[in-house]
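Asks: Next come the chains, spelled out residue by residue.
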Amino acid sequence: MSDTLEKKENFLNHLADKLGTPRHSLKDKKIQPVHDLAQTTLVDKTPQELLAICKEKAKTIHTPVLETTQETLQETLNQLIAQSQEEHLLLPTDTRFKQFGLTDLLQRPEVHFWKKGKDFRKENIQSAAKAGLAIAFAEFLLAESASIVVETSAGQGRSLHFLPKKYISIIPMSKIVPRSTQAAAFYTEQRERGHNVGSAVHFISGPSNSGDIEMQLVVGVHGPIEVTYVIVTDC
Amino acid sequence: MGLKTSTKTFDERLQASIEDTFMQKAVAKAQDDQWVKREGAREELGHWEMWRELGEQIRKETIAYLPDYLEQFSDNVEKNGGHVFFAQTEEEARDYVRKVTLEKQAKKIVKSKSMVTTEVGLDQMLLELDGVSVMETDLAEFILQMDDWDEPSHIVFPNIHKNREQIRKVFEKKLGYDGDNEPVHMARFARKVLREFFLEADIGITGCNFAIADSGIINLVTNEGNADLCISIPKTQIVLMGMERIVPTMEEAEVVDNLLSRSAVGQSLTSYVTFAGRTNSDESDGPEDFHVVIIDNGRSNALGTVFQPMLQCIRCGACLNVCPVYRHIGGHGYGSIYPGPMGAVLSPILGGYEDFGDLPYASSLCGACTDTCPVKIPLHQLLIEHRVKMTDDLKMTHGLDDLTLRVIGKATASPILFKMAMKMDHLPSGVLSKHKQTSVENLYNYDGYLNMGPGLLGGWTSIRDLPRPPKGKDAFREWFKHHKKEQQGGQ
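These protein sequences, in sequence, are chains A and B.
Quick note, the first sequence lines up with residues 8 to 242 if you use our numbering.
Quick note, the second sequence lines up with residues 1064 to 1554 if you use our numbering.
None of these hints come from the bench; they were simulated from the model.
The model shown is predicted, which means the values in this text are computed figures rather than measured ones.
Hints are supplied without guarantee of correctness; some may be wrong.
[Stated by the list, open to error] Under the rule of at most 30 Å between Cα atoms (straight-line distance), these lysine-lysine pairs were calculated in the DSBU-like manner:
{"hint": "1", "chain 1": "A", "residue 1": "Lys172", "chain 2": "B", "residue 2": "Lys1255"}
{"hint": "2", "chain 1": "A", "residue 1": "Lys122", "chain 2": "B", "residue 2": "Lys1171"}
{"hint": "3", "chain 1": "B", "residue 1": "Lys1536", "chain 2": "A", "residue 2": "Lys129"}
{"hint": "4", "chain 1": "B", "residue 1": "Lys1536", "chain 2": "A", "residue 2": "Lys125"}
{"hint": "5", "chain 1": "B", "residue 1": "Lys1439", "chain 2": "A", "residue 2": "Lys122"}
{"hint": "6", "chain 1": "B", "residue 1": "Lys1067", "chain 2": "B", "residue 2": "Lys1536"}
{"hint": "7", "chain 1": "B", "residue 1": "Lys1255", "chain 2": "B", "residue 2": "Lys1232"}
{"hint": "8", "chain 1": "A", "residue 1": "Lys25", "chain 2": "B", "residue 2": "Lys1232"}
{"hint": "9", "chain 1": "B", "residue 1": "Lys1439", "chain 2": "A", "residue 2": "Lys37"}
{"hint": "10", "chain 1": "A", "residue 1": "Lys125", "chain 2": "B", "residue 2": "Lys1499"}
{"hint": "11", "chain 1": "B", "residue 1": "Lys1439", "chain 2": "A", "residue 2": "Lys129"}
{"hint": "12", "chain 1": "B", "residue 1": "Lys1123", "chain 2": "A", "residue 2": "Lys15"}
{"hint": "13", "chain 1": "A", "residue 1": "Lys122", "chain 2": "B", "residue 2": "Lys1499"}
{"hint": "14", "chain 1": "B", "residue 1": "Lys1067", "chain 2": "A", "residue 2": "Lys25"}
{"hint": "15", "chain 1": "A", "residue 1": "Lys37", "chain 2": "B", "residue 2": "Lys1236"}
{"hint": "16", "chain 1": "B", "residue 1": "Lys1255", "chain 2": "A", "residue 2": "Lys15"}
{"hint": "17", "chain 1": "A", "residue 1": "Lys129", "chain 2": "B", "residue 2": "Lys1162"}
{"hint": "18", "chain 1": "B", "residue 1": "Lys1142", "chain 2": "A", "residue 2": "Lys172"}
{"hint": "19", "chain 1": "A", "residue 1": "Lys137", "chain 2": "B", "residue 2": "Lys1167"}
{"hint": "20", "chain 1": "A", "residue 1": "Lys34", "chain 2": "B", "residue 2": "Lys1439"}
{"hint": "21", "chain 1": "B", "residue 1": "Lys1167", "chain 2": "A", "residue 2": "Lys123"}
{"hint": "22", "chain 1": "B", "residue 1": "Lys1236", "chain 2": "A", "residue 2": "Lys15"}
{"hint": "23", "chain 1": "A", "residue 1": "Lys129", "chain 2": "B", "residue 2": "Lys1142"}
{"hint": "24", "chain 1": "B", "residue 1": "Lys1142", "chain 2": "A", "residue 2": "Lys14"}
{"hint": "25", "chain 1": "B", "residue 1": "Lys1298", "chain 2": "A", "residue 2": "Lys172"}
{"hint": "26", "chain 1": "B", "residue 1": "Lys1499", "chain 2": "A", "residue 2": "Lys25"}
{"hint": "27", "chain 1": "B", "residue 1": "Lys1167", "chain 2": "A", "residue 2": "Lys66"}
{"hint": "28", "chain 1": "A", "residue 1": "Lys14", "chain 2": "B", "residue 2": "Lys1092"}
{"hint": "29", "chain 1": "B", "residue 1": "Lys1067", "chain 2": "B", "residue 2": "Lys1142"}
{"hint": "30", "chain 1": "A", "residue 1": "Lys123", "chain 2": "B", "residue 2": "Lys1067"}
{"hint": "31", "chain 1": "A", "residue 1": "Lys129", "chain 2": "B", "residue 2": "Lys1171"}
{"hint": "32", "chain 1": "A", "residue 1": "Lys137", "chain 2": "B", "residue 2": "Lys1142"}
{"hint": "33", "chain 1": "B", "residue 1": "Lys1499", "chain 2": "B", "residue 2": "Lys1439"}
Assemble the whole structure, with the sequences as input and the hints as a guide.
Replies: The following block contains the structure:
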């Protein structure tokens, strides 16, 4: 037995001794929640009602929420890009941009793409650090907390969401869910079924902030200074 | 810095805290502000007591099967290509991090806020390594580091004891900052300094709010996003986690994250709630080398004992924010990196009674901490349990205090002695008393107030007026006896 393995065994045996419970007594036992409050909170709301809740919450996290249709999405983004006055744009390599008809955006000369593969690690991180604005699709919108959920993939690294100065999240209305419960359940189920899940899943609620100096809220110590949610009303 | 943050005695620390009026005002304001935010967030969620029950259940059941969940987590980390090291002591934890740092020939290390890295004294160890520089990247921790590694004073707001002008001076002296003391300007300046360091970092060191057993990933809950940069840019990540920081799946993590966010900062969720592990082979950033150090360091002392519920703690700091003692003495008064009620319970478990035996007595036992705890840890009852253990089991109470309590115990247990004492206590207290005019604050005035009580009384009379006991004939029992007689006579 290696030293590390022996340490592990000693460590876990010590805990079991202290607890007075033999190891491996858990088996497949799952925690049966004392109630289903997490699963039932806000689930009676329609997508429109959830969006209204989300918009109210978004005000408290300094995040504008815009609504648009798939037809006007390109125009909305063009306006936001113009307003941002940022020259370096970063986009993931993501088929959803084409699916949502954003071919003009993909062809803009100032756009840089997150490149797939380990060979581009340094280049991708530097591009994200230089980017004035990143635009990416979200997997979910959590109404209760006005959070977006993003998952890493080969075409969409972690830094893409944190290094650029400004950030626009595109969220199809069909991806709005009541709260973090539904997103957590989705990823747990994905794993249980053996499906691939990105190595990082982030729940992001607006821009980076801090209250560390006299507890006064300051936006943008590390991550994006401005975040905008663009909801595509597809349902 | 390790678990113990001061070499001063408890009384010396208290005196320093009492003299620090800025800290007292800052803590009071923070407590008041957090009260509004926390209670608002809980009310908005609704059914708070039921959520607490769920939180308690998750944490309790996880701790009950801790070895199994830790093993499952460890197996999954390794399945994903990561490494897990089980450290029984802080030395073992430090040695492992040192080994990885040297193997990687790392020059720059970024850290996100983590109590456990402070607990095991990781910073000092890293700073002793040749050619290695370390940067705390949470804004508050960054400020403390720049101020010659000043001690944190709160588990969520480590920098609460400093004002903006003090911070400006630190930035000016250490970083050449020439701006004003506006928080937003200083924060933007820190952003620039930290960004440059981040982009060259070789290793990211983080704590772990929760580890997810069924997937081998960790969960980080932050507002600034610095932890996310720590797990995105460097090629190597080292996670240090207290062994109790584990939940079965993301579904339980989601519940405790909600309890944590609302209880710590009054938000539905913090700005960044992240679930992440070793990067996948087709992804281009994130840690290619992923290490988790699972630390006992005294936590197992609580297992199988009355103190086991303390391991349910999710480090939200809500108990600090309602504690009247913390309000007066601040974080530094406790002399432990874990202050407030949670620290007063946890510190003796981790570090023993010799160093932290005073802390269970730094409590009003009002129970506000127990009432606010989102996972229902009976904090004030555990403080009493510590006292019981020290007094009865370990017989640690000694000297004059012990003798005094024994005499009081004998006297109160004997009706004859008790009556004699009641008749006598007015007279000898005269020499210790001073006369004061009766006011609304001092309604009971029997020829003065004790202002320099002996022994145990001293702790009370040094800061409060203790009315001198009444003369035997004026005492309640005598009054009641006469009153009954008068009533019977009147009938």
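Asks: Indicate, hint by hint, whether the structure satisfies it.
Replies: Do the hints match the structure? See the list:
no.	hint	in the structure
1	Lys172(A) - Lys1255(B)	holds (12 Å)
2	Lys122(A) - Lys1171(B)	holds (26 Å)
3	Lys1536(B) - Lys129(A)	violated (88 Å)
4	Lys1536(B) - Lys125(A)	violated (90 Å)
5	Lys1439(B) - Lys122(A)	violated (48 Å)
6	Lys1067(B) - Lys1536(B)	violated (52 Å)
7	Lys1255(B) - Lys1232(B)	holds (18 Å)
8	Lys25(A) - Lys1232(B)	violated (50 Å)
9	Lys1439(B) - Lys37(A)	holds (21 Å)
10	Lys125(A) - Lys1499(B)	violated (79 Å)
11	Lys1439(B) - Lys129(A)	violated (46 Å)
12	Lys1123(B) - Lys15(A)	holds (23 Å)
13	Lys122(A) - Lys1499(B)	violated (80 Å)
14	Lys1067(B) - Lys25(A)	holds (25 Å)
15	Lys37(A) - Lys1236(B)	violated (55 Å)
16	Lys1255(B) - Lys15(A)	violated (42 Å)
17	Lys129(A) - Lys1162(B)	holds (25 Å)
18	Lys1142(B) - Lys172(A)	violated (36 Å)
19	Lys137(A) - Lys1167(B)	holds (27 Å)
20	Lys34(A) - Lys1439(B)	holds (27 Å)
21	Lys1167(B) - Lys123(A)	holds (25 Å)
22	Lys1236(B) - Lys15(A)	violated (46 Å)
23	Lys129(A) - Lys1142(B)	holds (26 Å)
24	Lys1142(B) - Lys14(A)	holds (19 Å)
25	Lys1298(B) - Lys172(A)	holds (23 Å)
26	Lys1499(B) - Lys25(A)	violated (57 Å)
27	Lys1167(B) - Lys66(A)	violated (45 Å)
28	Lys14(A) - Lys1092(B)	violated (47 Å)
29	Lys1067(B) - Lys1142(B)	violated (37 Å)
30	Lys123(A) - Lys1067(B)	violated (47 Å)
31	Lys129(A) - Lys1171(B)	holds (16 Å)
32	Lys137(A) - Lys1142(B)	violated (35 Å)
33	Lys1499(B) - Lys1439(B)	violated (45 Å)
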